[in-house]
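For the protein sequence lines, the chains are A and B, in the order given. Taking our numbering, I'd label the letters of the first sequence as residues 7 to 289. Taking our numbering, I'd label the letters of the second sequence as residues 30 to 312.
Calculated from the structure, these hints are not laboratory results. Glycine is no exception: its CB is placed at the ideal position from the N, C-alpha and C atoms. Check the hints yourself; a few may be wrong.
Stretch by stretch, here's where chain A covers chain B in the computed footprint (C-beta under 8 angstroms, at least three residues) [unchecked claim]:
#1 60-74
#2 112-118
#3 122-132
Per the computed footprint, the stretches of chain A lying under chain B, defined by three or more beta-carbons under 8 angstroms from a beta-carbon of chain B, are [stated by the list, open to error]:
#4 23-36
#5 219-226
What follows is the residue order along each chain.
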Amino acid sequence: MAARVVGGMVMLDDFFTRALVAGIGLAMVVGPLGCFVVWRRMAYFGDTMAHSALLGVALSFLFEINLTAGVFVVAALASLALLFLQRHGTLSTDALLGILSHSTLALGLVMVAFMSWIRIDLMAFLFGDILAVSRMDIAMIYGGGALVLLVLAWLWRPLLAATVNPEIAAAEGMRPERARFIFMLLMAAMIAIAMKIVGIMLITSLLIIPAAAGRRFASTPEIMAIAASIAGAIAVIGGLTASLQFDTPSGPSIVVAALILFLLSLVRLPWRQTAPLNTGGKI
Amino acid sequence: MLQTARQDQEVLVEMRNAGVHRSGRWLVRGVDLTVRRGEIVTLIGPNGSGKSTTVKMAIGVLQPDEGAVRRMPSLKVGYVPQKVSIDWTLPLSVERLMALTGTLDRKKVGEALEAAGIAHLARAEVQTLSGGEFQRALLARALAREPDLLVLDEPVQGVDFTGEIALYQLISEIRDRTGCGVLLISHDLHVVMAATDTVICLNGHICCRGTPEKVLKSPEYVRLFGARAGDTLAIYHHHHDHTHLADGRVRQADGTIVDDCHAHHHDHARDGGQGGGGHGHAG
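Build out the structure end to end from the sequences listed, making use of the hints.
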């Protein structure tokens, strides 16, 4: 009896620790990317790429290719399709996003339903299954995540310049189109990595909410990126702990924890200078 | 004398018969333009006359659909676009904005801010600046790069009249001090810099060009500005006696339609009251 309890604790410890390690790793990668999503007003764009991941899942099963690779390719293609349609179509970006976002999701769901020979746990893909994270998944998050962050660090100045003003960036040799394209690839990679942890439906919230929560504590873009990573990590720790405590689904619990952090960041503390400084007079 | 001396100066940008075609019409066409080191070239013309398009072609933000644009190899451009909007969520101080497209020497940043008259705002967040302050910050940013070519798209937006004179004087001083070339847009037909070497009037194509000295003799100039601002301001006043058709052809005042308008002639020094069928933009 006693031995079984101890054994249970060890097992619990193990999968919970794995979930924590995976979630914190993911939060660190997602924070800086999420900042760019917020600065560039790309929230819906990120959502569209994430939704297209389900089509990636279905195609990966159909052609029996690596799931992560399949999701990465489909998400990247979805973003390219959007860029193409933006340039050559007549519909507004908003309408295009609506079409791509929901049609890729629906296509994925329909295809999965047709593939009756495979049993796919749809809920795990839609809402994540962080408690089933394997050592391999952790290696993937840290390996892939480190690569994403390295590329982002290298891309930082051109991407930030393109975010502030693409024309200045182009005039001063920063090649904003290239920066934007590489950023899309980074987003696709992050979605492929994050899918298992938080699920397709909730990836965007992990991009945006920690970044928004970090805004109030940041005076430079770089500090905001770090603050977003920290806020994300706190949300993961809080959400997972609560999920264990109250037996709630892990992905949504993490998002709720992030939301609470964001709401807390809105509270004005009397001893903290929160308003942006404006020391000068008007011309 | 100065004028002939400049002919020997290095050519920074050279445009030959350049044009941009969008959605079935020419935004601007047949532009021949050269900016040399130490030269100030001012583009003027009514709204939609292709001033910004021309400037964007000159610095490589837009590619010409016909004709050619040649830039000096490794030309360093400092660009102030017409409109820059930065999302509130991006924490960006004026100081940080300075280093947007390249790391800068701290001293040079300070000097540029001083020259633009906003040294006291170095630590302010850009979103809190007034229109005029932000315009100065963008100018300081372009200056701090010590560019070969300074390109300013309506630099006096949001700046009051005295600020306007000061800003034009500043641009002229910068040219004298650093020897850079300046390509400048002014939408205000009545105000162009006396320090300008060449004034080019655009209206879908180059209508006319000339030295401001020619313009200074105009009786309208004396009537409007007197000797008061004689060192800084000049009036550039003429009537357009032809209309540009959607297909790029030109209808002249007498109703005949020709392929371009280089065949006829504008006279800046006189009031062109005879232009009955034209779209006069003289106020």
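Evaluation of the provided hints:
no.: 1; hint: 60-74; verdict: violated (count 0)
no.: 2; hint: 112-118; verdict: holds (count 4)
no.: 3; hint: 122-132; verdict: holds (count 6)
no.: 4; hint: 23-36; verdict: violated (count 0)
no.: 5; hint: 219-226; verdict: holds (count 4)
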